[in-house]
Amino acid sequence: MNILKQELRMGRKTLIVWCLSLIGILSLFMLLYPSIASQLEDFQKVFESFPIEFQQALGVSDLELSSILSFYQFSLMYVLLAGAIQAMNMGVSVISAEVREKTGDFLFVKPVSRNRVVSMKILAVLIQILITNAVVFTASLIIVTLLSTDSYNVELFALFTLSLLFIQIFFASLGLFVSVFLRRIRTVLPISMGVVFIFYIIHLLNETLKDEKLGLISPFDYFNLSEISKNMNYDSLNLLLWFVLVGVFIFLTFKLFARKDLPSI
Amino acid sequence: MNVIEINQLTKYYGKQRGIENVSFSVEEGEIFGFIGPNGAGKSTTIRALLSLIHPTSGSATIFGKDCIKYGNEIRRDIGYLPSEVFYYEHMKVREVLNYSASFYDNVDTSRIQSLAEVMDLDLNKRIDDLSYGNKKKVGIIQGLLHEPRLIILDEPTGGLDPLMQQKFFELIRMENQKGATVLFSSHILSEVQKLCARVAIIKDGSIVRVENIRDMQKHNYKKFTLDYRGVIDVHHFNLEGITNLTVDENTLHFLFKGDINRMVERLQGQNLMNLLVEEPSLEEIFMHYYQKEEQP
Chain A
1 MNILKQELRM GRKTLIVWCL SLIGILSLFM LLYPSIASQL EDFQKVFESF PIEFQQALGV
61 SDLELSSILS FYQFSLMYVL LAGAIQAMNM GVSVISAEVR EKTGDFLFVK PVSRNRVVSM
121 KILAVLIQIL ITNAVVFTAS LIIVTLLSTD SYNVELFALF TLSLLFIQIF FASLGLFVSV
181 FLRRIRTVLP ISMGVVFIFY IIHLLNETLK DEKLGLISPF DYFNLSEISK NMNYDSLNLL
241 LWFVLVGVFI FLTFKLFARK DLPSI
Chain B
1 MNVIEINQLT KYYGKQRGIE NVSFSVEEGE IFGFIGPNGA GKSTTIRALL SLIHPTSGSA
61 TIFGKDCIKY GNEIRRDIGY LPSEVFYYEH MKVREVLNYS ASFYDNVDTS RIQSLAEVMD
121 LDLNKRIDDL SYGNKKKVGI IQGLLHEPRL IILDEPTGGL DPLMQQKFFE LIRMENQKGA
181 TVLFSSHILS EVQKLCARVA IIKDGSIVRV ENIRDMQKHN YKKFTLDYRG VIDVHHFNLE
241 GITNLTVDEN TLHFLFKGDI NRMVERLQGQ NLMNLLVEEP SLEEIFMHYY QKEEQP
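Residue numbers (the working numbering), protein chains in the order written: chain A, 1 to 265; chain B, 1 to 296.
Everything labelled a hint here was simulated from the structure, so no lab data went into it.
Quick caveat, the model's predicted, so the values are computed rather than measured.
A few of these clues could be false.
Restricting the straight-line Cα-Cα distance to at most 25 Å, the calculated cross-link-like pairs of lysine-lysine (DSS-like) are [said to hold, decoys possible]: (1) B:Lys15 - A:Lys5; (2) A:Lys213 - A:Lys230; (3) A:Lys102 - B:Lys194; (4) B:Lys135 - B:Lys194; (5) B:Lys92 - B:Lys69; (6) A:Lys260 - B:Lys15; (7) A:Lys102 - B:Lys135; (8) A:Lys210 - A:Lys45; (9) A:Lys230 - A:Lys255; (10) B:Lys69 - A:Lys260; (11) B:Lys69 - A:Lys255; (12) B:Lys178 - B:Lys194; (13) B:Lys92 - A:Lys13; (14) B:Lys135 - B:Lys92; (15) B:Lys167 - B:Lys135; (16) B:Lys125 - A:Lys13; (17) B:Lys65 - B:Lys178; (18) B:Lys65 - A:Lys255; (19) B:Lys135 - A:Lys5; (20) A:Lys260 - B:Lys65; (21) B:Lys223 - B:Lys257; (22) A:Lys102 - B:Lys92; (23) B:Lys125 - A:Lys5; (24) A:Lys230 - A:Lys102; (25) B:Lys125 - B:Lys92; (26) A:Lys102 - A:Lys255; (27) A:Lys230 - A:Lys45; (28) B:Lys135 - B:Lys125; (29) A:Lys255 - B:Lys15; (30) B:Lys125 - B:Lys194; (31) A:Lys13 - A:Lys102; (32) B:Lys15 - B:Lys203.
Start from the sequences, fold in the hints, and give me the full structure.
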């Protein structure tokens with residue numbers, strides 16, 4: 001428990017900053033809604049006048065801007081993107097920090113097994129992700145409720161917003177795996193930004209191509225917001241794939257780290 | 001009983017040699033020196049003992065248990081002080097020490113206070129405000145806090161001023177008298193000389209030999225310094241058992257190993273201004289291990 005407490009303590013400030021940023025991104029977009037709500041139909045027409053490929057690339061092809069939830073869907077995409085970076089950051093740095101900050105010679109000579117250290121660190125990441133999601137969920141619920149003029153579909157809102165949780169867990173576990181796979185990590189942000197953007201670009205590309213196989217690559221496609229609003233559910237195949245991949249990443253994290261040599265300072 | 005037993009331990013980093021077939025053992029209750037130049041493999045051996053790295057082949061046991069397999073169990077009774085210490089920068093000294101203590105059962109946390117007083121360390125400072133020497137003190141305290149049965153020191157004195165080194169050695173001696181076994185690695189022979197009874201000498205990844213240094217110093221070698229009034233007759237000292245003979249103007253230095261009476265006879269009739277007979281330092285005895293063999 002001491003490791004968990006220590007991790008949460010050390011991640012506290014970063015967590016607060018990230019939560020505020022995510023809320024900031026969401027509010028920034030959502031606050032546009034009242035001022036342009038009346039003109040939304042005109043916007044819609046502008047978007048519709050774009051070539052279809054262009055619409056798809058912008059992620060506006062299926063957009064019904066008339067309702068608050070479709071506007072929320074549009075705004076949430078950027079929260080997902082930022083949230084993915086946050087989660088990947090946590091995943092990459094939580095174990096590698098001990099090597100990077102050279103504190104490994106302190107922690108790993110303590111009478112705890114490596115597996116226990118890894119479990120506690122993963123647990124710490126999970127708790128921070130849950131906190132982030134609770135905060136974002138509450139904040140967006142408040143924002144959407146305040147801004148909507150009529151009632152909206154709460155179930156769809158929940159499905160939209162919960163996709164952040166799944167995407168964050170995916171990127172956190174991918175980050176963990178990357179951090180034990182690479183021999184030494186000097187800086188975290190370039191790695192997580194790079195990986196997240198690659199997956200995001202694949203997702204945007206697939207918005208145009210609509211290729212089923214390509215859709216299996218990017219976690220942003222697993223929780224494709226337009227699909228969710230059409231089906232009112234997550235795709236079960238994608239959910240299974242998500243579950244398997246997260247499991248494999250976590251398993252490999254334990255496996256690889258147990259055998260890893262800690263470089264001397 | 002042997003606290004540490006190392007058996008043919010080998011570690012390669014890829015193709016690069018770390019250590020090769022290192023074997024030696026450390027008995028319970030002794031302060032065992034581990035000396036060798038930088039890069040000889042001291043840290044590699046120690047890091048393998050602590051299961052920070054995994055050996056390529058060979059094995060090591062601590063308290064009779066395999067140090068990789070039972071690593072976390074063994075480490076309950078090990079205190080480790082690395083050559084360079086790094087802690088969580090944003091924490092206060094007291095917090096780091098309490099965190100360290102939280103890993104062990106039944107730690108007497110009042111020792112934090114008493115050890116900090118001995119080492120003259122402010123517990124309320126943040127780690128990133130500490131000087132190198134003060135960080136080292138944090139390392140010493142967290143290494144000794146849980147009263148380990150085995151203390152592993154990897155070049156521990158760097159950054160400590162002579163007074164602190166003195167206090168540190170006293171602490172180590174005290175822990176040793178209470179029953180702790182100590183493995184003391186260093187490239188500074190005089191500090192090993194101060195503390196240790198036996199020493200293993202490592203060079204280029206292999207153990208050169210394990211020596212009982214007190215015996216060796218007392219029974220074998222004497223260091224002579226002779227100040228002459230007149231010209232030195234070097235040939236007069238062409239005697240078996242004399243090594244490291246050097247002439248420095250009117251002064252003659254050499255190491256002598258053998259029957260001291262023969263040397264006293266030889267000194268008869270020499271026109272001396274001064275005569276000094278000393279215990280040689282380990283540097284002088286072991287110098288030849290350190291110099292890379294020049295001739296094949």
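Going down the list of hints, with the structure as the test:
no.	hint	in the structure
1	B:Lys15 - A:Lys5	violated, 40 Å
2	A:Lys213 - A:Lys230	holds, 20 Å
3	A:Lys102 - B:Lys194	violated, 31 Å
4	B:Lys135 - B:Lys194	holds, 24 Å
5	B:Lys92 - B:Lys69	violated, 34 Å
6	A:Lys260 - B:Lys15	holds, 17 Å
7	A:Lys102 - B:Lys135	holds, 13 Å
8	A:Lys210 - A:Lys45	holds, 23 Å
9	A:Lys230 - A:Lys255	violated, 40 Å
10	B:Lys69 - A:Lys260	holds, 14 Å
11	B:Lys69 - A:Lys255	holds, 15 Å
12	B:Lys178 - B:Lys194	holds, 18 Å
13	B:Lys92 - A:Lys13	holds, 16 Å
14	B:Lys135 - B:Lys92	holds, 11 Å
15	B:Lys167 - B:Lys135	holds, 16 Å
16	B:Lys125 - A:Lys13	holds, 20 Å
17	B:Lys65 - B:Lys178	holds, 23 Å
18	B:Lys65 - A:Lys255	holds, 23 Å
19	B:Lys135 - A:Lys5	holds, 23 Å
20	A:Lys260 - B:Lys65	holds, 21 Å
21	B:Lys223 - B:Lys257	holds, 9 Å
22	A:Lys102 - B:Lys92	holds, 17 Å
23	B:Lys125 - A:Lys5	holds, 21 Å
24	A:Lys230 - A:Lys102	violated, 50 Å
25	B:Lys125 - B:Lys92	holds, 5 Å
26	A:Lys102 - A:Lys255	holds, 22 Å
27	A:Lys230 - A:Lys45	holds, 21 Å
28	B:Lys135 - B:Lys125	holds, 11 Å
29	A:Lys255 - B:Lys15	holds, 24 Å
30	B:Lys125 - B:Lys194	violated, 32 Å
31	A:Lys13 - A:Lys102	holds, 21 Å
32	B:Lys15 - B:Lys203	holds, 18 Å
Violated hints, listed in ascending order, are 1, 3, 5, 9, 24 and 30; each of the other numbered hints is respected by the structure.
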